[in-house]
Amino acid sequence: MSLYDVIFYLFALVTLVSAFMVVTTKNIVHAAFYLLFTFFGVAGIYALLGADFIAVVQLMVYVGGILVLILFGVMLTNKITNVQIRSGSTNLVAAAVVIGIFAGALLTMMLNTRWLVNPGKTLITTIPQIGSLLVKQYVLIFELLGILLLIALVGAASIARKEEREK
Amino acid sequence: MNVWQLILITLVKIIIIITILLLSVSYLVLFERKISAWAQNRYGPNRVGYWGLLQPFADVFKLLLKEDIVPEAANKFIHSLAPFIALFIAFSTYAVIPFGPQVKIFGEPIKLVVADVNIGVLYVLALTSLGVYGITLAGWSSGSKYSLLGGVRSSAQMISYEVSMGFSIAGVLLTAHSLRPIAIVNAQYGWMWNAILQPIGFITFTVAAFAETNRMPFDLPEAEPELVGGYHTEYSSMKFAGFFLAEYANMIIASAMIVTLYLGGWQIPYIDKLGLSMGLTTILQILAFVVKVGIMLFIFIWVRWTVPRFRYDQLMNLGWKVMFPLSLLNLIWAALLVMIFNL
Numbered sequence: 000m001s002l003y004d005v006i007f008y009l010f011a012l013v014t015l016v017s018a019f020m021v022v023t024t025k026n027i028v029h030a031a032f033y034l035l036f037t038f039f040g041v042a043g044i045y046a047l048l049g050a051d052f053i054a055v056v057q058l059m060v061y062v063g064g065i066l067v068l069i070l071f072g073v074m075l076t077n078k079i080t081n082v083q084i085r086s087g088s089t090n091l092v093a094a095a096v097v098i099g100i101f102a103g104a105l106l107t108m109m110l111n112t113r114w115l116v117n118p119g120k121t122l123i124t125t126i127p128q129i130g131s132l133l134v135k136q137y138v139l140i141f142e143l144l145g146i147l148l149l150i151a152l153v154g155a156a157s158i159a160r161k162e163e164r165e166k
Numbered sequence: 000m001n002v003w004q005l006i007l008i009t010l011v012k013i014i015i016i017i018t019i020l021l022l023s024v025s026y027l028v029l030f031e032r033k034i035s036a037w038a039q040n041r042y043g044p045n046r047v048g049y050w051g052l053l054q055p056f057a058d059v060f061k062l063l064l065k066e067d068i069v070p071e072a073a074n075k076f077i078h079s080l081a082p083f084i085a086l087f088i089a090f091s092t093y094a095v096i097p098f099g100p101q102v103k104i105f106g107e108p109i110k111l112v113v114a115d116v117n118i119g120v121l122y123v124l125a126l127t128s129l130g131v132y133g134i135t136l137a138g139w140s141s142g143s144k145y146s147l148l149g150g151v152r153s154s155a156q157m158i159s160y161e162v163s164m165g166f167s168i169a170g171v172l173l174t175a176h177s178l179r180p181i182a183i184v185n186a187q188y189g190w191m192w193n194a195i196l197q198p199i200g201f202i203t204f205t206v207a208a209f210a211e212t213n214r215m216p217f218d219l220p221e222a223e224p225e226l227v228g229g230y231h232t233e234y235s236s237m238k239f240a241g242f243f244l245a246e247y248a249n250m251i252i253a254s255a256m257i258v259t260l261y262l263g264g265w266q267i268p269y270i271d272k273l274g275l276s277m278g279l280t281t282i283l284q285i286l287a288f289v290v291k292v293g294i295m296l297f298i299f300i301w302v303r304w305t306v307p308r309f310r311y312d313q314l315m316n317l318g319w320k321v322m323f324p325l326s327l328l329n330l331i332w333a334a335l336l337v338m339i340f341n342l
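Residue numbers (numbering that gives the first Met the number 0), protein chains in the order written: chain S, 0 to 166; chain P, 0 to 342.
Simulated from the structure, these hints should not be mistaken for laboratory data.
The calculated lysine-lysine pairs, modelled on DSS-like cross-linking and capped at a C-alpha distance of 27 Å, are:
#	chain 1	residue 1	chain 2	residue 2
1	P	K272	P	K103
2	P	K75	P	K61
3	P	K33	P	K65
4	P	K65	P	K75
5	S	K25	P	K144
6	S	K25	P	K75
Note that the structure is a prediction, hence the values are computed from the model and not measured.
Please take these sequences and the hints and turn them into a complete structure.
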């Protein structure tokens with residue numbers, strides 16, 4: 000096993016173990032912390048595959064943005080830390096069927112996609128390609144996603160202001 | 000060069016940089032006290048060593064010998080973890096900042112930067128966005144309302160000013176055509192410094208850097224008259240010192256980033272016209288970098304002891320209604336520069 004493989008399995012282990020802990024822990028603050036390690040593990044795997052831009056954006060958006068907002072929600076909610084959240088299992092049969100279908104779809108996709116062979120060995124930055132694809136081939140989807148985010152922002156602001164008007 | 004050689008060279012670089020950074024952080028504290036003394040017509044520390052030069056060591060020993068108190072209501076584990084997160088992020092950011100051109104030592108070309116990565120600027124942005132964690136977790140885990148308020152203020156402030164910081168950097172990236180710090184410095188050859196090409200971006204980035212490092216006039220997270228000490232109210236001994244060190248290390252990193260992105264890094268205009276030898280040029284260029292960072296640090300301290308603190312609504316208004324439009328304006332300006340002059 001080469002150094003590359005060792006590092007890959009290390010990141011994979013961190014990701015899987017912490018993801019498992021996120022869904023099984025009973026303390027919501029601890030769940031948020033385990034999520035931090037999951038995001039880090041995924042970022043590490045991206046970096047290992049040579050996707051430098053995606054790896055850093057993963058850190059900036061998920062760890063630096065979304066998880067901070069989750070922690071905000073947890074911290075500003077009174078006495079949430081002492082609540083035991085339920086993490087048992089119900090409806091096992093239905094869940095197994097849905098998960099089976101989902102796993103099957105993922106596996107068919109994995110087997111039918113032509114993957115780039117020998118990734119990560121070339122240290123070429125991916126930013127110029129991503130940039131030109133975003134403003135040439137995928138420009139419509141890119142703009143639509145921007146508008147979608149703007150709508151979400153305006154919606155959030157209007158919901159937040161509503162309570163003030165009622166007073 | 001094989002893998003082990005590369006690891007060895009990188010380790011040596013890391014040790015040198017950490018040592019220099021730790022020493023300069025402790026002396027920065029002394030200089031802050033000296034400059035504040037000059038600003039207020041006092042002497043400042045002058046009892047430990049000549050001109051107070053041994054004061055940093057006395058301070059560290061004092062803090063080491065103090066009792067470490069953890070409040071009853073605190074979340075013990077996170078309370079201890081938070082200062083380490085703050086320190087770790089402060090010191091690992093320095094990995095991508097180049098402090099000199101490429102040199103040859105024993106025939107091996109060595110770049111004077113720990114990690115020369117393609118996405119260096121993004122790496123710094125990502126780590127600054129992680130910097131929120133140290134302060135937020137410290138504020139939350141202390142179990143005190145002053146700490147919590149400080150932590151919340153700090154996160155809101157850092158998230159708001161990250162926006163204008165990112166847009167100011169985008170202007171620099173446009174003219175440099177790269178996210179690699181060394182390429183950005185090389186693009187500012189001669190007098191083509193970004194501070195001269197994009198003065199608005201320089202100002203917005205510097206102000207955002209002040210806000211990101213929680214320095215006066217943006218130090219609301221630890222506003223003494225309202226919050227006792229803010230997020231570090233419940234910290235004592237070396238844990239408090241950890242936050243203190245991280246704050247000053249962040250100041251050095253912010254200055255180094257300003258110098259790299261806007262003030263030409265290690266560049267000295269027209270030095271290659273003088274016909275000096277390679278070695279002398281390199282030493283002068285490293286010195287130029289150090290001097291530029293020193294001047295920025297002086298400005299950081301100078302502002303702290305001159306400008307009063309903002310009110311919270313003023314801070315948010317400045318961030319979203321002034322800084323953000325200005326940084327967008329700078330981005331358009333930079334795009335025009337690239338389009339018209341083909342920089």
